[in-house]
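Q: This is what each chain is made of:
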Amino acid sequence: MTIENWREQLRRGGLDLAILSAVAEAPRYGLDIIRHLEDSTDLVITEGTIYPILARLAKDGVLRAEWVADEGPHPRKYYRLTDRGRRVLDEMLVHWDAFTEKIGRLVRAARGGRK
Amino acid sequence: MKLSETGEARVRGYLFVLGRSLRSFLPGDVAKDALREIESHILERVSLAGEQPDERATLERILTELGSPLRVAQAYSAEMAVDEALATGRTGAVARALWHLATTTVGGFAATLGLFVGYVAGLSMLAVAVLKPIFPGNVGFFFVNGLPHSMGALFPVPAGAEVRGGYWVIPIALALGLSILAATHRGSCRFLAWWRDRRTGQGGALVSHHSRGSTGSLSNASTPKTHS
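Going down the list, the protein sequences come from chains C and W.
For the first sequence, the working numbering begins at 1 and goes up steadily by one.
For the second sequence, the working numbering begins at 1001 and goes up steadily by one.
Hints may contain errors.
Said to hold, decoys possible - Dumping the calculated DSBU-like pairs for lysine-lysine here, alpha-carbon to alpha-carbon at most 30 Å: (1) W:Lys1002 - C:Lys77; (2) C:Lys59 - W:Lys1002; (3) W:Lys1032 - W:Lys1002; (4) C:Lys77 - W:Lys1032.
Calculated from the structure, these hints are not laboratory results.
Full structure from sequences and hints, please.
A: Right, dumping it as structure tokens:
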């Protein structure tokens, strides 16, 4: 296991949660989501690969996509959470909080033991 | 930045290649919508780039940061076709995902070829079970000069070959066929899972700030207006 691979796995694990959280605040389109994640987290998504992820989430009924023609010089596809998506996000957040708390406890104990 | 005719032709070429690849494994309307979204992304990046002295270099940078058409198509494949295959395990979905990998990657072609042989072998065994009651003299274990040679069906039975095996061949062929099919299908799913993890784990969906460097920055872009 290399640290870089581990970091990739870690980021990947949080990616769906990060995307759902990004569109929970307000409907966003692909480039807007990329910018939002880049500005507020360490998650820099390869541009061409966020759209397949969004398509999957929409296919799963977690996001609803809508083309908006009058927002800019060309149509943009906005994504927003569906009711199901909101429930999924709430559930993910519960698991995320429990997970980070447990791992945090373990890491703090490990750090304490090394001192 | 407003694209010149040359620039527009470059974008059309990119979208053409991407569209052909997407249509090979996505339903037509889904592929069309995906293509429209990628086009929207490119136009957004172009409009945010502002006036640039070198349109060609700017456009190439935008397309490079988006990823090659094949890479984008593979990302769709990993998220849509492969994900569906792994989530459902349905034969049709697995076949579609394998077909896409076989037509876009060398490793996928080799693996799919091997898996195809497995599926054919399994189906052949089932065919033996079905044909035995209809052509009992042509289906079974074949012996040549008293030595075992093969198992299956031969029409007609060659001179010097002898067919052995009664109807007990049927359960053996059924068990063998189903076992081979199950093992091959499991192998297909494991290959697809490995491919998806490899695809998304190694610079797939995510890149680090460090590896992206200055070319990946969208800092020149103005803040997009958020729909409300």
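Q: Lysine 59 of chain C and lysine 1002 of chain W were given as a pair; does the straight-line alpha-carbon distance stay at or below 30 Å?
A: violated (34 Å)
Q: Can you confirm whether the C-alpha distance between lysine 1002 of chain W and lysine 77 of chain C stays at or below 30 Å?
A: Measuring from Cα to Cα gives roughly 21 Å; hence the hint holds.
Q: So if I understand the rule, the pair passes when the alpha-carbon distance is 30 Å or less; does lysine 1032 of chain W with lysine 1002 of chain W pass?
A: holds (24 Å)
Q: Does lysine 77 of chain C pair with lysine 1032 of chain W here, judged by a C-alpha cut-off of 30 Å?
A: Roughly 13 Å separates the two Cα atoms, so the pair holds.
Against the hints set out earlier in the document, a violation occurs for number 2 only.
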